[in-house]
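A.B. asks: Following the hints, put chains Y, X and E in place on chain Z, whose structure we already have.
There are 4 protein chains.
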Amino acid sequence: MALKGVLRTGLVQLRVLDLDKSLDHYRKHIGLTEVGRTEDGRVMLKGNDEFDHHSVVLRLAETPGLDYIGLKVDTKENLERFEAETKAFGFEIEEIAPNSDQPGFGRRIAVKLPTGHRIDLYSEVELAEKHPGIKNPKLWIEEPKGMDVSCFDHALLYGPNAKEATQWFVEVLEMSIVEVVKKEDGVENLAVWLSASNRGHDLAILDYDKPGKLHHISFHLEDWNAIGHAADIMGQYNISIDVGPTRHGVTRGQTIYFFDPSGNRNEVFCGGYFYYPDMPLRVWDIEHVGEGIFYYDKVLNERFLSVVS
Amino acid sequence: MALKGVLRTGLVQLRVLDLDKSLDHYRKHIGLTEVGRTEDGRVMLKGNDEFDHHSVVLRLAETPGLDYIGLKVDTKENLERFEAETKAFGFEIEEIAPNSDQPGFGRRIAVKLPTGHRIDLYSEVELAEKHPGIKNPKLWIEEPKGMDVSCFDHALLYGPNAKEATQWFVEVLEMSIVEVVKKEDGVENLAVWLSASNRGHDLAILDYDKPGKLHHISFHLEDWNAIGHAADIMGQYNISIDVGPTRHGVTRGQTIYFFDPSGNRNEVFCGGYFYYPDMPLRVWDIEHVGEGIFYYDKVLNERFLSVVS
Amino acid sequence: MALKGVLRTGLVQLRVLDLDKSLDHYRKHIGLTEVGRTEDGRVMLKGNDEFDHHSVVLRLAETPGLDYIGLKVDTKENLERFEAETKAFGFEIEEIAPNSDQPGFGRRIAVKLPTGHRIDLYSEVELAEKHPGIKNPKLWIEEPKGMDVSCFDHALLYGPNAKEATQWFVEVLEMSIVEVVKKEDGVENLAVWLSASNRGHDLAILDYDKPGKLHHISFHLEDWNAIGHAADIMGQYNISIDVGPTRHGVTRGQTIYFFDPSGNRNEVFCGGYFYYPDMPLRVWDIEHVGEGIFYYDKVLNERFLSVVS
Amino acid sequence: MALKGVLRTGLVQLRVLDLDKSLDHYRKHIGLTEVGRTEDGRVMLKGNDEFDHHSVVLRLAETPGLDYIGLKVDTKENLERFEAETKAFGFEIEEIAPNSDQPGFGRRIAVKLPTGHRIDLYSEVELAEKHPGIKNPKLWIEEPKGMDVSCFDHALLYGPNAKEATQWFVEVLEMSIVEVVKKEDGVENLAVWLSASNRGHDLAILDYDKPGKLHHISFHLEDWNAIGHAADIMGQYNISIDVGPTRHGVTRGQTIYFFDPSGNRNEVFCGGYFYYPDMPLRVWDIEHVGEGIFYYDKVLNERFLSVVS
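Chains Z, Y, X and E are the protein sequences, given in the same order. With this note's numbering applied, the first sequence covers 4 to 312. With this note's numbering applied, the second sequence covers 4 to 312. With this note's numbering applied, the third sequence covers 4 to 312. With this note's numbering applied, the fourth sequence covers 4 to 312.
In isolation and in its complexed conformation, chain Z is listed as follows:
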C-alpha cells in the first residue's frame, strides 16, 4: 500500500482528577463510546468511526496531563525497524508486553523523547467490538451523541529540545513537516506540525521550557457545522471554552479549544487541506503567529500560551 510505516496517532492516555465528571465530558458531551475498564480502573474509550479496540484512556491521578501518546505502525517489520533505528538514533526505549496495560494492544515500544514526552509505537490492535460496519455498512452504528466526534485526531506537545525530537519523527519515523512557525531569529522553529498521511497533522510540537507538557488533544469533526453544534453543547452544558469557534491559519482547520473538568485542554477540529509530501513547506514568521494560530482574531490570548497540563 502507499501509506507505509506510521499510520496515525491512535492512542492517548490522559490523567484526570475525577472519573465521573470526566466520563460525563468525554462520553456524553464529546461523544466517545466507553469500551470498558482496565483491572486498575482506567477507562477505555473510542470514537464511533474507529476500528481499533480503543484510542483514549483516562487514568485517575493527582494532577492532570499526558501519560503518553501512541502511534500505530502498519507492520511488525516496520515496528522492529523503527525500534532498531530509534536505538541507533540514541533515544531510550522500553518494551511493553502485549495485552499488558492496554487490553487489545500487541507489543509496544515506549520511546522517551528529550521533550519529556513518551511516545509508544505499536502495530497490532484487536478490532473493537463496536466498529463501523463492513458488510453493506449503514452510515452509523449507533445514534450520534453529544459533539459526535469521529476519532482522536492529534495532539500538541510542549517541551524542551523540540528540534531533536522533530528530527527523530522525520528521520526515523519518516513523518513530514507540514508547517512551521519560526522563532524571532527567523531560523529556528518555535513550533512544527508533523503528518504521517494526508492529514494536516498527527502531532505538533512547540519548543517550551517545561518538559512533558500537553497543550491539547484534538478530536475530529465533520465540518464547520459540527463545530457550531459542538459550541452549542459547550454553551448548553457550561463547558469552559478557551478559544473559538474560529479557524487556524496553520492547517486552515476550523476549531474550538476548551477544557475538560480536570483542566486538560481539548480541541474539536475539522477541515484544512489534503497534505501531500510533495507540497512545499508552509512557513510562518513570528510576527504572523497570531494569524497563523487564529486566522480571524489574529491574536493569541495569554491563556493559550501559558496554560498547559
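Bear in mind the hints are in silico, worked out from the structure with no lab data behind them. Quick caveat: nothing in here was measured; it's all calculated off a predicted structure. All clues given are correct.
Put simply, identical chains are the same to the list, so a pair is met inside one copy or across any two.
Here are the simulated EDC-like cross-link-like pairs (lysine to aspartate or glutamate), alpha carbons at most 20 Å apart as the crow flies: (1) Lys79 with Glu177; (2) Lys24 with Glu146; (3) Lys138 with Glu290; (4) Lys7 with Glu174; (5) Lys138 with Asp288; (6) Lys31 with Glu145; (7) Lys301 with Asp245; (8) Lys7 with Asp77; (9) Lys148 with Asp27; (10) Lys141 with Glu290; (11) Lys138 with Glu187; (12) Lys7 with Glu80; (13) Lys7 with Glu177.
C.D. replies: Just chains Y, X and E now, with coordinates in the frame of chain Z:
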C-alpha cells in the same frame, strides 16, 4: 515520509465538443482556473488548492470522453520501479518525453490497461504560477468562484477485465482496495474503489463490456454546504443534473452528479471517512448496490448505469 | 403588535394506520415530543420550539389523510370577527367547545372550505408543560433527537374550488398571496402560497379534482445542514423519500419530501426569504412549474403530482 | 394582511470618515450593491434580497455614527395614524418631503426620541432597479459577492430614557418586546429587543448615559455556514473583529461583531426562533447577561460594553 509511491490522481485529459462552452462550465461554474493553452490548442486548468502546474486538460474532439488519467508518484526511483514491475506484470508501456504534450510535466510512463484505459505515471511537475501561499499563507489566493472546487479528486472508469487492471493497481502500484460491490455470484467484484492515501478513492473501476469508458471525473468540495451551493449554481445556470444532492453508502461521501456541455459526467464530492490500509475491506452485496451508490433513495437510475462517455 | 389576526398554522390532525409505527416516525425520527393521549386514544405531539399545548395529533383510522388544519388567531375579538365575516362570506361554520376534543385548546370555529378541507380557527391554547425556556433560557430544553424539527411549518392542500377558498383566506383572514403558479391559460392560478407573517407560507392550495386531499405537512428545520442530517436519518432508517434533498424555486426553501408509514407525505423545510406584504407577487408560468417546485432537477416526478392522502 | 403597521427597519444613514474605504467594506466585503449617489455625495446601497430603492446610506463626516434609522410602515393611513399618536404621545416630529434627501422615498416623519436618536417613519418607496426576480424568479439576480448579506437586519441603539422610548415603540408603533435584560434591581430593563414581525428583533435599545449612540447595525445571513464564510472574509481582508463567530443567548441568533473602517460596529446575524406576539416574554437577569449576549464564552468583553459610535 509515510506516504510513498503513488500519491494521487493528479492529471486528467478530457475530450470536449466545444471549448467556449466547456470553459464556461469548468472555469466559471466549477471554479477551476485556466493555466494556459498548449501549442495544439488544448486548455490547461487547475484547482485553487493544487500546487502542480495543471491537473485538468480539455481537448477539442469529435466525441466526448477520456484520453487518459495521470497518477503522480513521489520519486523518480519509484517511477522507475513501477515501470519495471509493470513490464514484468505484462502491461504495455509507452514513454512520454518531459515537457512534450503536457507543459510543466517531467517524463511520463503511459500504461495501457486491459479495460481500454490509459494511465500515465509521472513524478515531476513544475510548481504552478498561482499556487496556495507558503509564506504566512492567506486562506485563498484568489476570490472563490462558482462551485469553488479545491482540486481534481478521482475518476470512475468503466471497462472490461477490471479484475486484471485492479490487480495491477494493487500489486504493482501498491494501492488499497477500500470498498467493493460484488456481482450476483457474490464472489467476483462488479466495482472496486482504490486509494493511495487517506482518501476514500483515487480511482474506481467498474467491470463493463465496452472498453475505455468514463463514468465520471470528480472534483473535491469542502462539505455538504458547498454541495448545496454547487447545486444552487447548477440550478441557476441550467447545468444538467444526473443525481443529487445525495450521499453515497460507499465511501459515505456527499455528492452531485451532473453533465458538462459535451456529455461527460462530472461529480462534486465531499466528506467520507479517513481511510487507512489497516481497515477491513467494506463489501456490498449486489442487492444493496442501490443503497451503496445512493444512500438516500437506494435506487440506481437507468441513466447512471448506461450513460458513459 | 404589528402581527395581527391569523398568526400561524398551529394545529394539524392526521389519520394514520398504525400508532406505534407512526410514533416511531414522528417522535423518534422526525423528533417531535409526545405531549400525551386523548381519551379516545389520539396522540398529541409538539415541536421542541413550540409553546402551545400541542400542534400535531395522530388519529388511528382506516385510511390515511388529513382531518383538519388549525390556524391560531391573536385575540378572541379577531376570532369573533373572522367568525362573523366567514358567515357573511357564505362558508359553513361549526362551533367546537373549549377543551373538548383538543385538550388545552379554547373554543374553535371549524370552517368548511369548498375544497373539501376543514380549517379550525382558535385564539386560546394553554402553554405546553415542556416549552422553550423564558427565564435565562438555555438553547434547548431537551437533547435534540432525530431530525430535530423545531415546529409544524405549513401544509399543502389539494382540492377543487381553490380560487374561492383562496378568496376567503385573503379577504376574510387577511392572509397574503406570496407566490402563484399559473395554469396553461396564464390567467387562473393552479397553486397559491399563502402567508400570515414573514414566513414564505403557512398554507398552500392546489386546484385539484378530488376534494379534501393532503399533499404534505411540513416541519421546520434550521438550515441546509439540518436537511442533510434529516436525509441521513431517512437513509439510515429506510424512510421512503419522495424527492430531495433539493431546493424549491417557489419560496426558495430547501426541502426533502418523504412518506410516513401510513403514506402521508411529509416535508422538512428550511430557508427561503423573509416575506413582507409590500413585496410584489412572484408568478410562475406553467412552463416553469418544474423549476418552481424543484429548482435543481427542474422536473416534477409523477409521484409528486398524483400521490396524495 | 396579517402583518400591519410597522413592517421592518428599512433604512439607515451612517456617518463614515472615508468613502472609498467604506465602499470597499460595505460593497466588496459585506456584499451590498451600490444603487447610486445623492446630489450631496452620499452613497446609497441595498442588499440583494431587498425590493426597496435602497436601505443603507453612507454620509462622509468628521465623526462616525448614526444619523437615523427608518422604519417602513405598510400604508399611508397607518403612517398618518402613527404621526398623530406620536404627537399625542409627546415626541417631537419633523416632516421630510418626498424625494428630498432620500431618492425614491415618499414623505417621512422624523421622530426625535429621548434617547437622542432619530427614527424616520415612511410608507412609500420606489422599487429598486435591481430587485429579486418576480416572474419565474431565479435564485439570485447577480453572483453572490463577499459575505453576500441578504438585507439590513436591525440596529442596537444606546441612549438615555430607553424606557420612555420603548413605551413609544410598544404603545404607538405597536411593536412587541421579545426579550429583556434586567438591571441589578431586577425590575427596570437594561436592554430590550423589539420586533414588528416574526423576526427576533428590528431594533434593540440599551439604557446608556450618552445620547444618540450606535452600538451596531446588523446585516442578515442565511445560516451558520454563511457566518463562517463571513469570518473567512474578515480574516482574509484584515477586517477588525470584535467578537465571534458565536451565538447569542438572547434571540438565539448566530453572529459576528466587527468594525467598519470608520469605527462603526457591524454585525452579521442569522438564525434564532420565529417570534410571535403570543409568546411569553424572555427575561434575562443581570447575572446571566454574559450568557445572554454570548452563549458560548458567557462573558462580555470590555470593548463590547464601552465602544459605541
